[in-house]
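Participant: Sequence:
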Amino acid sequence: MKRLPLLFLLLTASFAAWATGPGKGAVATAHPAATVAGLEALSSGGNAFDAAVAISAALAVAEPYGSGLGGGGFFLLRQAGEPPQYRFIDARERAPQAARADLYVRGGKVEPSLSLDGALAAAIPGLPAALDHLSSGYGRLSLADNLAPAIRLARDGISVDRIYRERALWRLAALRDDPESARLFLDKGQVPEQWSLLRQPHLARTLERMSRYGRSGFYAGETAEKLVAAVRAGGGIWTLRDLADYRVVERAPLRFPLEGGRELISAPPPSAGGVALAQSLAILQQLPWREADRIQRSHYVIETLRRVYRDRGLLGDPDFVANPLGQLLAPAYLERLASGIDPRRATPSSTLPPAPAWREGDHTTHFTVIDADGNAVAGTLSINLPFGAAFTAPGTGVLLNNEMDDFAADPHGANAYALAGSQANVIAGGKRPLSSMSPSFIESAEVFASFGTPGGSRIPSMVLLGMLDYLDGKAVSQWPATPRYHHQYLPDVVQYEPGTFNVAEVQALEQRGHRLERRQQRYGNLQVLLWDKRGDQVEVASDPRGVGEATVLMPWPAPPVDARPAARVPVQPRVP
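Counting from 10, one number per residue, gives the positions in the sequence shown under my numbering.
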């Protein structure tokens, strides 16, 4: 578990523990600068929701390959109390109103590049609206206070690290094709050297307009006009009305009882991840996975994933389609799935009832934060592929997403990854694409735990493996470090990281009928948190695969009650 220097802790540990929370705050994010931004919000008297805004904005600056103002995300909230209240903020991007099911069809066939690169690939961003919504509706500090760290980072610069260079190399051709993206994110057409400085002055000014005007600073006025002009000049279909009409949606979180008095609280549709996690945990509860040896446990998990990923094609944006959650989470259905698992042999996916296969971008970001009162946020943010659509609107610093590729571009044929489509996830104006992002909590009377990671289709399987380590009583530092493997029904193959299985273990799984495929690189970036209420102990951990930072911030003695910051009263913003 990584920690910031002691000097920083002494300088920033000035916030107080009020009420009946853990008495201390903690932050785990995928980038050290975002962790510092979250700690700054907490040390300034803000709560976890303020910290979530500061973290999200800082990640938008420091990780342009994973998230940004041109993208969206999901926020799972815990409001402290007896009992605590949970809320889910859906800030997923929306298709522009002019989008149609055949948007990317040319000459009777889907043209994959149109939904991957350039202005036509971009959906209407949701993150700016979420930052304003969180700050005005849940925070103690002003939006300007919460955006200040990100504005400094954008103006003064952020160091290019190894993750940036890897992602930029992966998307080098697309970044070169857009003059503004090449100017901002490359160095004379090449990937910048490590530790060189990335400055984003236009993005700083965009953030400053948001800090002054709230959501109107992005979805109206100067920023909106520049965004729409750039998108339409680049062949896209955005309108000013698309931006003005965007709203985050507060949805009821998916809640599912687990054994031992625990409860899973996770993402509902348009995420498919929460459903997959609930199904997986329910199935495994009926199998002796804890008592099993390593190979037997892996077999149980793989067979469980095979079945729950099959159901993903039935889900979509709940504002457009009816999601059969009652059917998918019914005890009888889950018992039937569990009973169909042969403990010694793999079940070929071709023998299971058919369902659409799918694919989505792998590169996202995640953070988790808790404050002294016990308020907490798990947030997963995305622009889809690394550097999104590789299209930046000049004068704004806003790099746009390519989340339109998460729709089923051709529900009757194949999408950009040669996988079958889904009617529930077909493109429609104003619709939100299906996602695997799975910010999640598990809570009981004694313990609260938080989980989340980037990784596209592999998100639910990564989160599940971290949760199994938690349920198995392993140390918090082990949860994000655990070796990873994945099955998603189709293709019928077990993907695994280097070092997950040795030669003998691969052979043992193959003898059971599994087909294994070793990936060249490790994947994912899990951020986790544990609050043991019995002793008010808080631990956080950041995935060792990334460059993130996880820190517990110890409080100084509490100030008088009347020194507590007052709740911010939302003010109607002016249009810039």
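Rather than coming from a laboratory, the hints here were simulated on the basis of the structure.
Glycine is no exception: its CB is placed at the ideal position from the N, C-alpha and C atoms.
Take the hints with a grain of salt, since some may be wrong.
[To be verified] Okay, derived cross-link-like pairs now, DSSO-like style, lysine-lysine, Cα gap no bigger than 30 Å in a straight line:
#1 Lys118 / Lys197
#2 Lys542 / Lys33
#3 Lys542 / Lys118
#4 Lys235 / Lys197
[To be verified] Each pair of labels, with its calculated beta carbon distance range:
#5 Arg241 / Arg299: 34 to 42 Å
#6 Glu202 / Pro553: 23 to 31 Å
#7 Ser168 / Pro352: 30 to 38 Å
#8 Gly146 / Arg264: 16 to 24 Å
#9 Asp254 / Arg164: 52 to 60 Å
#10 Arg208 / Gly90: 37 to 45 Å
#11 Gln203 / Arg164: 35 to 43 Å
#12 Gly244 / Pro266: 48 to 56 Å
#13 Ser348 / Gly117: 25 to 33 Å
#14 Gly90 / Met563: 44 to 52 Å
#15 Gln88 / Leu206: 34 to 42 Å
Participant: State, for the Cβ atoms of Gln203 and Arg164, whether the hinted interval 35 to 43 Å holds or is violated.
Facilitator: 22 Å, violated
Participant: Between the beta carbons of Gly90 and Met563, is the distance compatible with 44 to 52 Å?
Facilitator: 24 Å, violated
Participant: Taking 23 to 31 Å as the hint, is the beta-carbon distance of Glu202 and Pro553 inside that range?
Facilitator: 24 Å, holds
Participant: Holds or violated: are the alpha carbons of Lys542 and Lys33 at most 30 Å from each other?
Facilitator: 12 Å, holds
Participant: Tell me if the straight-line CA distance from Lys118 to Lys197 falls inside 30 Å.
Facilitator: 36 Å, violated
Participant: The hint says 16 to 24 Å between Gly146 and Arg264; measuring C-beta to C-beta, is that right?
Facilitator: Holds, since Gly146 and Arg264 (Cβ atoms, about 21 Å apart) stay within the stated range.
Participant: Is 37 to 45 Å right for how far apart the beta carbons of Arg208 and Gly90 are?
Facilitator: 43 Å, holds
Participant: Taking the CB of Gln88 and the CB of Leu206, does the distance hold inside 34 to 42 Å?
Facilitator: 39 Å, holds
Participant: Confirm or reject the claim that Ser348 and Gly117 have a C-beta distance inside 25 to 33 Å.
Facilitator: 44 Å, violated
Participant: Is 52 to 60 Å respected by the C-beta to C-beta distance linking Asp254 and Arg164?
Facilitator: Given range 52 to 60 Å: violated, Cβ gap about 31 Å.
Participant: Given the hint that Lys235 pairs with Lys197, test it: the Cα-Cα distance must not exceed 30 Å.
Facilitator: 25 Å, holds
Participant: Cβ-Cβ distance between Gly244 and Pro266: within 48 to 56 Å?
Facilitator: Since Gly244 and Pro266 have Cβ atoms about 49 Å apart, the given range 48 to 56 Å holds.
In terms of the numbered hints stated before, the structure departs from hints 1, 3, 5, 7, 9, 11, 13, 14, listed from lowest to highest.
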